[in-house]
Amino acid sequence: MKKNIWQGTLLLLALCSQSVLANAPLWLSDTAPNDESAGHQHMSHGGPVERGKRGVFQKRLWVRSGKAPAEAAYVIPEGELSAQLIIPDKSQAKLKQSVKDQQAQLVFSMPDEGFYNAYLTQRIVDNNQLEITTAKAEVLKHSCREGHDHVKDLMPPNHLSDIPLEIVRERLPNENFHSRVAYGDVISFLVLAKGEPVSGAEVTLYTRSGWQNSSISDEQGHATFTIIRDYFPSWEFFESRHRQEFLAVAKLQRDETGSYQGESYSGVSYVATLPGAYFPSSRDYQSYGYGLSFGLFGLTFSGLSVYLYRRRRIRPYKEVRFDD
Amino acid sequence: MTRPEPSAFNQSRQAREAESVLDQITDRFDDNPQGMAYFYDLFRRIYCHGEALPRKGIQIGTTCIQAPEELIYAVGATPIRLCNGSYHYDQTGGDFMPAKSCSLVKATLGMLNSENPVPRVGELDLVVNPTTCDQKKKASAMIEGMGYQVHDLELPSAKESEESRLYWQRTVRRFAVQLSKVTGKKMTRKALKAAMARTARAQSAFRTMHNLRKSSPTLFLGKDAFLVTNAFFFDDLERWTEAVETLNSELLQRQEEGFQAAQRKAPRILFTGSPPIFPNLKLPLLIEESGGVVVADETCSANRMLYDMSAVDEWRLNDMVDALADRYLKPCTCPIFTRNEDRQRRLLDLAESFSADGVVYQAFSGCQVYEMEQRSIGDALSAKNIPMLYVETDYSPDDIGQLSTRIEAFLESIKARKRKRS
Amino acid sequence: MLANIRQRLYNADLKRFRFWLQFGFFVLFVYGGYIAINLGNSLPTFSCGYNGEGRGGVCYLLPLQHQLSGSWERLFSWAGIAILQGFLYFTLWFIVLNKAWCGYACPLGTLQDWISSLRRAMGIHFARYSEQAFRSLTWVKYGLLALTILIPLAIGGGLLPHSMGTPFCDICPGRMIIPLFTGDYSQFTIDFSSKSSMVMTGLGMLITGLFFAGAFFKKRFFCFFCPMAALHYLVSKPALLKLVKDGSKCTRCGDCYRVCDMEIKEIADEVDDPRIMKDDCIMCLKCVAACPEEDALKATFVGIPIFKATEEGFIKRMNKGAGSDPS
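Residue numbers (the numbering used here), protein chains in the order written: chain A, 141 to 464; chain B, 10 to 431; chain C, 724 to 1050.
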């Protein structure tokens, strides 16, 4: 079934025009491009991870281009690239870039609990425009064996102050390492330019199969969206832990002139991307109505049985029975 | 017939028998506790002068300790234990029973059948007869034949199994309903709770007295203790309790003063078997006249009747009635039950905690169950090196001479053992 | 002086003492998390892990099932050590209080006692099992314990769906009821996301309904079936708190059996073996309080008696119930 969906989306991809791809922003995805890569992964609280040396979790991110996470292509980006990584204690660490099987990858290990931010910035001049794209991924590392006492301090999101345009996903109320974004949840993004909130940026949210919604960041740099359901299997194939990626893209156009690597430009187009994961809402498959009616049935059935048993016991006591 | 009635009563065989035993109890011993005066006087009034019992409400006779008295008190009636110890009634009751049968049952029947029974119980609205031993079972119809209303309280003949426990609980619940019918009063939680509190107070007074007998040298004699528990058969519950409490405080004082009611080296005897009931205190009196002292007993006229107390978890009528049923069945060491391990353990524990030197086992001739258990009890005791004297007797005074020789010899042998040990 | 303190201890009104201790433990385990209490993940009592922030620790059965549902390769490597470690902590917690964890600490047990009080106040009498029913039902907890362990193991081996990862928690009424006390009723649902979770959560809600009715009529209804009680019994031998019976002092009057919430007949009938704590025992010590025979029943901690049956204490307590003042 899964494969069917996959094939279906590939077909959809083929039907889509080339122009979509041309204008597609870069982003970092943790969905493996093929079964072989996926085979090295296992699911942890922060999404798929690989097990590195001495059991330390290792995260592999692929560079992709395209808006709908289901269709986006795995690409090797052009132009000048720079990669950065912040680890949970807010210091920077090494981020390995590599190209394998025609796919650009970023790999880093996650020894400590908390959120890791990986950045890949692309600068390119095209049509007199400087395009600066910052693809960011925020990856959680959590293993329940490490306990849960430290969670609260590690929850606030991190950002870098030298990134031209960055999207920060703000936390859900009472979010912890086990929280999952679900259909119907309202998620809020903060758009930062060099670490400062910026208003007027166009933020677009793409769900897995390409549904999109746009919003302009407000005075404080916020843009909010409601996650919608984008998963319609028949009941037998429904999985409550079905993980899907969404993609948030922020764009800001500025009339700045200058030259970059010898080419002059008359405007700068800032693009920031941030993927995330969302899951079916428990409201989709959990029912209070049935729960309470089962409970009430259990209560009345057993209560009534005891009552009737007691009523019967009041009648004269007879115990001898011959069932022949 | 010109003589006034009381003196005629005074001349009766019954009264003479009671009088001589009472005189023996009071006069042949020194240092009787002052607190006993109440009981001496009570027995003199009831047994020798034939005074009627001052009773409240209707009276319900009981023939064994298994009839739950709390239930009777709870419906405003008063229980009276009909078991009798008189040789005179033993003889008159002989018409009902075969020659070789238990004196106690015969005496009880004799008393119920007499014109002017002593103690003067007055009219009985109901006689509760727990179906314990065969003789008591058969007495049921005979008592009915004398014109009494009899309620058979069906007691199981084994008590270990859960079935018998439930069977007995049903019996007791039915009895509670029957009581309400007879008295026309509803059994209420409040009334039963109050009744249980009253008997609990009496029981704790008894337990205090019982525990004071552990003291060595002994603080008072067994014959007095038997008289006290005998009075419980018919005395007013509160008055009895108060009298025992008074006696207890006197005994406590004696304990502080280091008082000796018997010689320091007097053999300490544990009494078991058929119940001594006034005026048949023949055996305890013989023991104590011969220099022994009865420090504890395991009989249904004393310890077994008052010792065990009931525990209730939820003070609702249902649980309270069941709790009472349990208290009257489970700890009962009556030999009518199939097994007697409980009785053996009870005796061993009593012998140990009262530092008894020997056991005197009384079996009324004709009381088969006690006769049959004699061997197993004797074995259990001798395994623990406790000597036992088995005495088969009845209410007649004929064997006193012979018994006194045997008892003296038994006490002497105990003394010799003690000397040898020290 | 010491004798005086002892006497006061033995005369104590156990009922009141127990009520407040249970109340304290209830607050600790259900709301302790709010005041930053965390006693770890290996508690031998139903401090429910589904009770979000409020819990003062986690019932050992939850992490146990979770750990066991890992893949078999992992079980025989580092995860195996983690399981042993968890079991060790569980045992260490357990041996301190022995089964008194059930009678005094367990929030679900305390809740059942409160439901019983409600029934008592309504004047409805409690139910008892027949002896035969008791003898057969007493094995249920071992069956549940076996399933609690075997189902997660089977999941690790790929024999059962992952949604049954914590099978006992799914059917344990504690999962629904305990979070309720911190305002979380999200467990009162049926999960239709897969067949197995639908069955398990459906069973869970049925049992929750049964729990309320059962606890209303039967004292400590659920404890009789609790796999935690079975697990307790398996490691109860080295426990520091012990219930001891001196059979030679026992008159077999059955007072202890009467008041026993768990209907353990041996407490009254057994006179040879001093170690009287049975697998159903919750160590509430009501039997000790209801025993009129001096020294016949005792609770000892490392051999030192901390509560024992005394005649005086019995009379005091019973008179309190009967509403008379002994003078």
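Rather than coming from a laboratory, the hints here were simulated on the basis of the structure. Everything numeric in this text was worked out from a predicted model, so none of it was measured. The reader is advised that the hints may include incorrect statements.
Simulated pairs of lysine-lysine, DSS-like, Cα-Cα distance not exceeding 25 Å [to be verified]: (1) C/Lys972 x C/Lys988; (2) B/Lys223 x C/Lys1039; (3) B/Lys223 x C/Lys972; (4) C/Lys1043 x B/Lys199; (5) B/Lys199 x C/Lys738; (6) C/Lys960 x C/Lys972; (7) A/Lys240 x A/Lys193; (8) C/Lys1001 x B/Lys199; (9) B/Lys393 x B/Lys429; (10) C/Lys972 x B/Lys393; (11) B/Lys147 x B/Lys65.
Sample of chain A residues at the chain C side, in silico, Cβ under 7 Å [as the list claims (entries may be wrong)]: (12) Met295; (13) Tyr428; (14) Gly435.
Positions of the beta carbon are idealized from the N, C-alpha and C atoms, including for glycine.
Now the hints, each set against the structure:
With a C-alpha separation of about 17 Å, the suggested pairing of lysine 972 of chain C with lysine 988 of chain C holds against the 25 Å cut-off. At most 25 Å may separate the alpha-carbon atoms for a hinted pair to count; lysine 223 of chain B and lysine 1039 of chain C meet this at roughly 22 Å. Restraint check: the Cα-Cα separation between lysine 223 of chain B and lysine 972 of chain C comes to about 15 Å, which is no more than 25 Å; the hinted pair holds. For the given pair, lysine 1043 of chain C sits about 14 Å from lysine 199 of chain B by alpha-carbon distance, which is consistent with the 25 Å threshold.
The straight-line distance between the Cα atoms of lysine 199 of chain B and lysine 738 of chain C is roughly 21 Å, inside the 25 Å bound, and the hint therefore holds. About 24 Å separates the Cα atoms of lysine 960 of chain C and lysine 972 of chain C, which keeps this hinted pair within 25 Å; it holds. The straight-line distance between the Cα atoms of lysine 240 of chain A and lysine 193 of chain A is roughly 20 Å, inside the 25 Å bound, and the hint therefore holds. Distance restraint check for lysine 1001 of chain C and lysine 199 of chain B: the Cα-Cα separation of roughly 36 Å exceeds the 25 Å cut-off, and the hinted pair is therefore not satisfied.
For the hint pairing lysine 393 of chain B with lysine 429 of chain B, the CA-to-CA distance comes to about 17 Å; that is within 25 Å, so the pair holds. A hinted pair counts as satisfied when its Cα atoms are at most 25 Å apart, and lysine 972 of chain C with lysine 393 of chain B qualifies at roughly 16 Å. Restraint check: the Cα-Cα separation between lysine 147 of chain B and lysine 65 of chain B comes to about 30 Å, which exceeds 25 Å; the hinted pair is violated. Interface hint status for methionine 295 of chain A: violated, as the beta-carbon distance to the closest one in chain C is roughly 14 Å, over 7 Å.
Because the beta carbon of tyrosine 428 of chain A sits about 5 Å from the nearest beta carbon in chain C, less than 7 Å, this interface hint is met. Annotation: interface hint on glycine 435 of chain A holds; nearest CB of chain C at approximately 4 Å, less than 7 Å.
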